[in-house]
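**Student:** Chain B: place on chain A using the hints.
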Amino acid sequence: MRHIISVLLENESGALSRVSGLFSARGYNIESLTVAPTNDATLSRMTIVTTGDDRKIDQIEKHLNKLVDVAALQDITIGSHLEREVVLVKLLAQGQEKADLEKIVDAFNASLITVSGSQFIVEMSGSSEKVDELLKSLNRLTVFELARSGVTGLSSDETVLTAQS
Amino acid sequence: MQLSGAEIVVKSLEEEGVEFVFGYPGGAALHIYDAFHRQDQVKHILVRHEQGATHAADGYARSTGKPGVVLVTSGPGITNAITGIATAYMDSIPMVVLSGQVMKPLIGYDAFQEIDAVGISRPCVKHNFLIQSVEEIAATIKKAFHIATTGRPGPVLVDIPKDITAEVTEFLYPKSVEMRSYPPAPKAHPSEIVTAVEAMLNAKRPVIYTGGGVVLAHAQKELSSFVKKLGFPCTNTLMGLGAYPHDDPLFIGMLGMHGTYEANLAMHDSDLIIALGARFDDRITGTLDGFAPHAKVIHVDIDPSVIDKNIKADIAIVADVKEVLEAFNQEIDRRIKDINPSLVSDWWGQIQEWRSVNSYGYDEDSKIIKPQYVVQKLHEVTGGEAYVTSDVGQHQMFAAQFYGFSDTHKWINSGGLGTMGFGLPAAMGVKIAHPDADVACITGEGSIQMCIQELATCQQYKLPVKIISLNNRYLGMVRQWQEFSYEKRYSNSYMDSLPDFVALAEAYGHVGMQIDKPGDVEGALKEAFAMKDRLVFMDFITDQKENVYPMIESGKGHHEMRLRPAK
Chain A
0 MRHIISVLLE NESGALSRVS GLFSARGYNI ESLTVAPTND ATLSRMTIVT TGDDRKIDQI
60 EKHLNKLVDV AALQDITIGS HLEREVVLVK LLAQGQEKAD LEKIVDAFNA SLITVSGSQF
120 IVEMSGSSEK VDELLKSLNR LTVFELARSG VTGLSSDETV LTAQS
Chain B
0 MQLSGAEIVV KSLEEEGVEF VFGYPGGAAL HIYDAFHRQD QVKHILVRHE QGATHAADGY
60 ARSTGKPGVV LVTSGPGITN AITGIATAYM DSIPMVVLSG QVMKPLIGYD AFQEIDAVGI
120 SRPCVKHNFL IQSVEEIAAT IKKAFHIATT GRPGPVLVDI PKDITAEVTE FLYPKSVEMR
180 SYPPAPKAHP SEIVTAVEAM LNAKRPVIYT GGGVVLAHAQ KELSSFVKKL GFPCTNTLMG
240 LGAYPHDDPL FIGMLGMHGT YEANLAMHDS DLIIALGARF DDRITGTLDG FAPHAKVIHV
300 DIDPSVIDKN IKADIAIVAD VKEVLEAFNQ EIDRRIKDIN PSLVSDWWGQ IQEWRSVNSY
360 GYDEDSKIIK PQYVVQKLHE VTGGEAYVTS DVGQHQMFAA QFYGFSDTHK WINSGGLGTM
420 GFGLPAAMGV KIAHPDADVA CITGEGSIQM CIQELATCQQ YKLPVKIISL NNRYLGMVRQ
480 WQEFSYEKRY SNSYMDSLPD FVALAEAYGH VGMQIDKPGD VEGALKEAFA MKDRLVFMDF
540 ITDQKENVYP MIESGKGHHE MRLRPAK
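Chains as they are written, first to last, in numbering that gives the first Met the number 0: chain A, 0 to 164; chain B, 0 to 566.
If we strip away everything but chain A, and leave its shape as in the complex, we get:
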C-alpha cells in the first residue's frame, strides 16, 4: 500500500539526513521525499511517499517519531487529503506535433513554455496519477528531459498537524 507521510521537522542541520538515513538503514522504501520550510521558521515540512503493509508503515511511523528532530507526523493517506506534484517536461514538437501538444496541454490544464521554435517545456501540477497520465500522453513526442518535484500534500479535513509542545 502506498502511504504519504507528512512530517514536521525541526529546522536543524542534518535533520534531513536523519530521516533518509533511517529509511536506508532499515530498508524502508522511499518513492519520493520532499522538504521545504513552513510558515513557522523553526519547522520544515517533509512529505514522504512510501509503500509497505500496515506493519511496516507502523514501524516507519514509530521510528520517525523516535527521531529527536521529528516534531509531529501524520499519515495523510488515512483520511481525505490533497496530493500535488509538479512536473516539468522539456520536449521537441514540430509541425503537426505542435498542435497535438497544445491539445494535450489544454486537456491537462497544464501550461506551455516556449524554449525555441521547436522546443517547449510543459508544466503541470497534479496528483502523481495525473502526472503519470500526462507523461503517457506525451510519450509520442520526443522528450529530452523530465523533472518531477516529488509529492507534497496536506490532509483536506479540518485537522491541523502541529508540533507537540
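In case anyone wonders, no lab produced these hints; they're calculated from the structure.
Note that beta-carbon positions come from the ideal geometry of N, C-alpha and C, so glycine has one too.
Fair warning: there could be bad hints in the mix.
Label-pair distances were calculated between CB atoms; the ranges are [unchecked claim]:
1) Asp39(A) to Phe111(B): 34 to 44 Å
2) Glu144(A) to Thr194(B): 54 to 64 Å
3) Ser79(A) to Ala165(B): 53 to 63 Å
**Tutor:** The following block gives chain B in isolation, referenced to the frame of chain A:
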C-alpha cells in the same frame, strides 16, 4: 561568569554531577584538555585507545545507572570511539560523548583529522549535535544528558569545533530542558493494566520474560514481587540477568540461543508471554515461523518501536517498566482472591520435567579444565557478589549460564552488538565506580587481545580487576559454529602465536598466573581475589573442544534445541 568554550564544557559536566570522564587527547580537543587541567572537580581517566574509553564509560554506566562520559578528539579519535558508541546504542546505555572537531572555517575542506562525526555516528547514537557557536555549548550539553538518560536511554554525541572552545561567553547552565520534539516518557493507561492482569489471572501456561529494560529501569524489586505474587515462571534474557535471583525456584534460567531447555520450551508452549523491557531479539525468538504458536503476548516497553516489530503484541503497554510493574502489583493485590495457583500447577509439572534434563550439564570429572567449572568456582570464591564483565563468544555464554546473578547492574556484557574487546575496559569503568567491590572480567584469549592495551590504564589508575581468561586456543564460538554447520572446516578460528599472557601481565606491572589443572582452579581464584590491590591476569588453559549447550541453531525454533550429546 565569562568563560571560554572549553571551560564551559568542563563546567557543564560538573553541573551534571559527572565524576569521571574517559578520554584521549588530540589536536581538536586540546583547549578542552587544557580546561580539564585547570580544575579538579571532574576527573579524567586517560585510556590507551578511544574504544577503551567508550567501553569504560559504558561499564561505568551499566554498573551505576548513571551516564558514562567520553571525551575524544576529531578524526581517528571519534572513528575509534564508534565501536563503543554502537555497543552502548545496541544495549540502550546512557552515554554522552564529546568529540573535538576541526575549526569551523575548516569543516568541509578535508582538514587534518577531519571527519564528519555527526554523519559517521548517526546510525549508532540516540541523537547528536554539531555545536555552531560558543553560546550553544551549555544548553546542548544539558540536552545531551537529558536525551541520553530519559526514555529508552542511549548514547548522544556532541561534536565541538576547536575554535568555538576558545571563544568566550557568559556561562549559565540551564536548569531544565524543553524540547517540543522530544516528548516525556509515555504513561500506561489504567485500562491496559486491568486488561493485562485479567489475562494473567486466566493463563494456564504463562511465562514472564524480562530483558535489559528491567535493569535500566531499576525495577528489580517490583519484578520480584510481581513474579512471587503470581507464582509464574520467570526467565531473563542475556541482558536481563540478575533481575530475578538465579537460585529462586520460580526462575527458569536464561532464555534464547544458549538459554535453558526449560525456558525455551516454556516460551514455545506458553499460552501467555509477559514480555517486560525486552525486544524479542532474534537470539531470543529463534526463527519467527512457529514462534510460541499458542501464546497471547503482553508486551511492556518504553520504546513504542519495539512493539509489533518482531512479534505482534496482543496487549501493548508503552511506559516505564518500573511504573507498569508497580501498577500490575497494585492491580494483582486488588484481585488477590482471583489468583488460582492450581491453574498453573500442570504447567509447573511440565517445566520441572524439562528442568530435569539439566541442559547446562557438562563433564565435571574432566581432567582438562572445563570453562564452565572455572565460572562456577568464580561464583563460589566471590560469593556470587562480584561485578562480572565479559567479552563476546563462548566464555560470555558460560559466564551467563554459570555465574548465577542475583542483582541487576552486576552482569556487564555486550549483548546487542556483540563487541569483542568490551570486557577489560568495561571492567575498568566498573572498578572506578565501585572501588571496593570484586570485579571480574571473564574473557577469552581472542577477545582480550582486542583491547589488551588497557592493561596500562589499569596500572596507571590502580584498578585491580581480575581477568579470568578462558584460553582454549580457539575463537571458540566461531569454532563451534564451524563444527556444527561447516563440517569442521575450522577456517581462521585457531588462535596461533599467542603471547605468554603471564609475562605480558607482568610486563604491564600486574600479576600473571597460568592454571592448567582443574584441581588448581579454586586455589588460584582464591589467591587472586585475596590480592585486593593487584590486577591479576589468570590464564586458564581450558578444553579446546568444549561447546556451549544447549543451542537453538540458526533457523530453528525454541522447541528444536540441540542438547549436549550423551557421552
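**Student:** Work down the list of hints and note, for each, if the structure agrees.
**Tutor:** Each hint tested on the structure:
no.	hint	in the structure
1	Asp39(A) to Phe111(B): 34 to 44 Å	holds (40 Å)
2	Glu144(A) to Thr194(B): 54 to 64 Å	holds (58 Å)
3	Ser79(A) to Ala165(B): 53 to 63 Å	holds (56 Å)
Comparing the model with each earlier hint shows no violations; every hint is respected.
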